[in-house]
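Protein chains: 2
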Amino acid sequence: MLNSSQIGALSQIVGQENCYADKAHRLAYSYDATRASHQPDLVLFPRHEADLQAILRYCNAEKIPVVPRGAGSGFTGGALAAQGGVVLAFEKHMNQILEIDMENLVARVQPGVVNMEFQNAVEEVGLFYPPDPASQEYSTLGGNVSENAGGMRAAKYGITKDYVMALRAVLPSGEVIRAGKKTIKDVAGYNIAGLLVGSEGTLAVLSEITLKLIPKPALRQTAMGIFPSVKAAMNATYRTFGAGVTPVAMEFLDQKTIAAVEATYKKGLPTHAGAILITDVDGNTPEDISWQLSQLEAVFKANGAETFYRAKNEEEAAAIWFARRNASPSLKHYGPTKLNEDITVPRSRLPELLDRIEAIGQRHDHPIPCFGHTGDGNVHVNVMTNKKDAVRYHNAEKAITEIFEAAIELEGTLSGEHGIGLAKAPFMNMAFTPAEMALFAAVKKAFDPHNILNPGKMGI
Amino acid sequence: MLNSSQIGALSQIVGQENCYADKAHRLAYSYDATRASHQPDLVLFPRHEADLQAILRYCNAEKIPVVPRGAGSGFTGGALAAQGGVVLAFEKHMNQILEIDMENLVARVQPGVVNMEFQNAVEEVGLFYPPDPASQEYSTLGGNVSENAGGMRAAKYGITKDYVMALRAVLPSGEVIRAGKKTIKDVAGYNIAGLLVGSEGTLAVLSEITLKLIPKPALRQTAMGIFPSVKAAMNATYRTFGAGVTPVAMEFLDQKTIAAVEATYKKGLPTHAGAILITDVDGNTPEDISWQLSQLEAVFKANGAETFYRAKNEEEAAAIWFARRNASPSLKHYGPTKLNEDITVPRSRLPELLDRIEAIGQRHDHPIPCFGHTGDGNVHVNVMTNKKDAVRYHNAEKAITEIFEAAIELEGTLSGEHGIGLAKAPFMNMAFTPAEMALFAAVKKAFDPHNILNPGKMGI
Chain A
40 MLNSSQIGAL SQIVGQENCY ADKAHRLAYS YDATRASHQP DLVLFPRHEA DLQAILRYCN
100 AEKIPVVPRG AGSGFTGGAL AAQGGVVLAF EKHMNQILEI DMENLVARVQ PGVVNMEFQN
160 AVEEVGLFYP PDPASQEYST LGGNVSENAG GMRAAKYGIT KDYVMALRAV LPSGEVIRAG
220 KKTIKDVAGY NIAGLLVGSE GTLAVLSEIT LKLIPKPALR QTAMGIFPSV KAAMNATYRT
280 FGAGVTPVAM EFLDQKTIAA VEATYKKGLP THAGAILITD VDGNTPEDIS WQLSQLEAVF
340 KANGAETFYR AKNEEEAAAI WFARRNASPS LKHYGPTKLN EDITVPRSRL PELLDRIEAI
400 GQRHDHPIPC FGHTGDGNVH VNVMTNKKDA VRYHNAEKAI TEIFEAAIEL EGTLSGEHGI
460 GLAKAPFMNM AFTPAEMALF AAVKKAFDPH NILNPGKMGI
Chain B
40 MLNSSQIGAL SQIVGQENCY ADKAHRLAYS YDATRASHQP DLVLFPRHEA DLQAILRYCN
100 AEKIPVVPRG AGSGFTGGAL AAQGGVVLAF EKHMNQILEI DMENLVARVQ PGVVNMEFQN
160 AVEEVGLFYP PDPASQEYST LGGNVSENAG GMRAAKYGIT KDYVMALRAV LPSGEVIRAG
220 KKTIKDVAGY NIAGLLVGSE GTLAVLSEIT LKLIPKPALR QTAMGIFPSV KAAMNATYRT
280 FGAGVTPVAM EFLDQKTIAA VEATYKKGLP THAGAILITD VDGNTPEDIS WQLSQLEAVF
340 KANGAETFYR AKNEEEAAAI WFARRNASPS LKHYGPTKLN EDITVPRSRL PELLDRIEAI
400 GQRHDHPIPC FGHTGDGNVH VNVMTNKKDA VRYHNAEKAI TEIFEAAIEL EGTLSGEHGI
460 GLAKAPFMNM AFTPAEMALF AAVKKAFDPH NILNPGKMGI
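Taken in sequence, the protein lines are chains A and B. Sequential numbering of the first sequence, starting at 40, is according to the working numbering. Sequential numbering of the second sequence, starting at 40, is according to the working numbering.
Possibly wrong hints are sitting among the right ones.
Any copy will do: because identical chains look the same in the list, a pair fits if it lies in one copy or spans two.
Below 25 angstroms or equal to it, Euclidean Cα-Cα: the simulated SDA-like pairs (lysine to any residue) are [claimed, not checked]:
hint	residue 1	residue 2
1	251	447
2	270	139
3	102	474
4	255	340
5	62	78
6	255	325
7	426	298
8	484	495
9	251	390
10	195	251
11	484	213
12	255	196
13	195	254
14	340	164
In short, the hints are calculated from the structure, not lab data. Note that the coordinates shown come from a computational prediction; the quantities given were computed from them, not determined experimentally.
Isolated chain A, as found in the complex (with noise of 0.2 angstroms):
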């Protein structure tokens, strides 16, 4: 708990106008996507990168702890205030973008830009930003780059990372450093930038955020592809990348959650179909196109699909990405609780992982339906169970445990994309040798000493 005269102190650096220790405020930051709810004492709306040093050497002073948040759309807590302390929020004055350089394809940004108005301010000049977590329409920068988000477009495009070239970012000390630089290269000093990116807010606090842009390929098609087991939809993921073409976006639905998709929207899906393929290529020429969508068909039927069916317009594009894009919010026809997680495993391994979920969820008599990122071999595991009812409950995690064992097993990772957070802290002794963990803590204290910096975390 903070005391007044440290309320004080930090709202005399922001103005009381940019400081809230009330209740509403509190509450209104106490949540991120997975319901769990944790107070701040104080939530702060920085206005600069000279607030943030003024906070954070006084919280370092006084080991307050300190929370940066985007727009708490996280799936693992990553943005919840767990020991309490300062809320840091940026939607309110660090939401600028400052440059778009178009002879670097590069822009500046500040963390609480969000991620689609991003996007979109770039593709008016010709550009294009891949990073695309399904939270876009309200995510922001910061967080993406916190949380190493990724999205659809990664199985060509590549994930946040791969699009962070700088940033300035204060320590706890009150320091700014600037890390990476406007370069297509730089090998001088540790990379820093690349050690931020997915450091959860525990290492420093982002101030100002470099990003790659790339020019926006002219044309775009979809394709989706039915096939009758998701194995065969497996196979043919991994081998669609080993026959030379590397799609924007594969994506995959299984029965289960074609299934929920049909029920809930009534959009004619091919519901006896053992899983779907969605996927999108893009390219500068229609022979480029037709190239990918051939090669695309070609694999696609030779690993069993009965249909490889090639989007004429955009209406049939929408039509077809309808279904991905809602089958998240359809799986409630399963069951009121979703315990959802983002493992991700070798391409190759896909099949095998998809087999174990299914006989860990008729273990459990669970439904698991599962869909997502299968190009990048990123699966969203779904265990469906109800909240209120203790002994299924209790099954339900313990389904998800042996998910996590299943995806370790098989050569890949707790997460993907969403990150540790409080949620999979659990986990990570699972995934990590004790050598590994004590090094992530060595770490951790080289950059945050007194452990102010989103506390708790990461199991670090």
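Got chain A sorted already, so can you dock chain B onto it with the hints?
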């Protein structure tokens, strides 16, 4: 100096046949491409990861410096035993390609594998490993990762860090850590793999490297633009990327370099030109290649190119590339001693950078031919001087300092691909603030508390 009991203990770990304290070995392993010489006390050829663990555990306890070494082809002294101690050489045993995983487009290698051998092995099965440093015929993947090597294909395909998916490494404590995964995405824990890339052997010793591969595009074509001035060529460079074309390579030679190559090899190069741009594009359809070349031609002509020449076949392409590949050795035309640096700036700052380099050369009365990876903003700057003429050499060193100052002022970096090592360590304070240098030191300490790993490098 190691005493005989220390040498005995280390010899016992790797076996006598892998342990050398004789003059010839100490001399042979004292050099790299900088021509500086620092003799180690002992040269060890570890057989496997367990040897690395035992060596590091022992050296950590005894505070003996340990210097991991690739092929010794570095330009900044990264592989030199600046404080004596043990050199670890990987070419005898730890030089195997462990796996080429066709299903996931991933390879696992030991650090001693030579870059070109690896490229050849993956191309034999239709895959592609883009990073191609000029040293590719002898430099090792362990060295490439430790220096974050670039190369000619970086303009489109990125640099070594973009291909490192996972690492196994041994800490000074002797503990093995795994960092990263054979998955496209992995956001569990800190990005330790990203931090180890480019850390010049100062944080841990690599024992295994997992690299991303891509399908090899079917088609490739070379073209050349002849420009009246270096400024015109630099303008054309950065405007090319803005026009939506990303060439595989975009390399330039300035007038002095063209003249030196022509004087040395008599190939009929356009010695009247202010600069030439050599570029490769690749793709999977002839139309995509044509589209890219048309865009290039339009941009080159709009920026004053007098000629845009498309190579008609492999022989013509090889003839065009001959000039670029032989640029470096030709420069002795201008003087016996070459001080070469690989500064990098945002592409749009290239015209100004080249102007400033020209002025610096005139002020200090030294020819400074420039060539390099202009598509990355990465210029190889060559101050041609004579080490035996003390006054002249001192002026050349002043020119180098001014060139670094210009690069930093133009938002650039000391090094695009060669690293810092010993050679650029004195300039680190020019590029980084005390807070940033202190952070590097704290990170170093988190990994290597007794400073045994490659001590004295990177100014840390």
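Cross-check of the supplied hints:
| no. | hint | result |
| --- | --- | --- |
| 1 | 251 with 447 | between (32 angstroms within a copy, 20 angstroms between copies) |
| 2 | 270 with 139 | between (44 angstroms within a copy, 23 angstroms between copies) |
| 3 | 102 with 474 | between (27 angstroms within a copy, 21 angstroms between copies) |
| 4 | 255 with 340 | between (30 angstroms within a copy, 23 angstroms between copies) |
| 5 | 62 with 78 | within (9 angstroms within a copy, 67 angstroms between copies) |
| 6 | 255 with 325 | both (15 angstroms within a copy, 21 angstroms between copies) |
| 7 | 426 with 298 | within (23 angstroms within a copy, 77 angstroms between copies) |
| 8 | 484 with 495 | both (13 angstroms within a copy, 23 angstroms between copies) |
| 9 | 251 with 390 | between (34 angstroms within a copy, 21 angstroms between copies) |
| 10 | 195 with 251 | both (15 angstroms within a copy, 13 angstroms between copies) |
| 11 | 484 with 213 | both (15 angstroms within a copy, 21 angstroms between copies) |
| 12 | 255 with 196 | both (12 angstroms within a copy, 17 angstroms between copies) |
| 13 | 195 with 254 | both (14 angstroms within a copy, 12 angstroms between copies) |
| 14 | 340 with 164 | between (39 angstroms within a copy, 23 angstroms between copies) |
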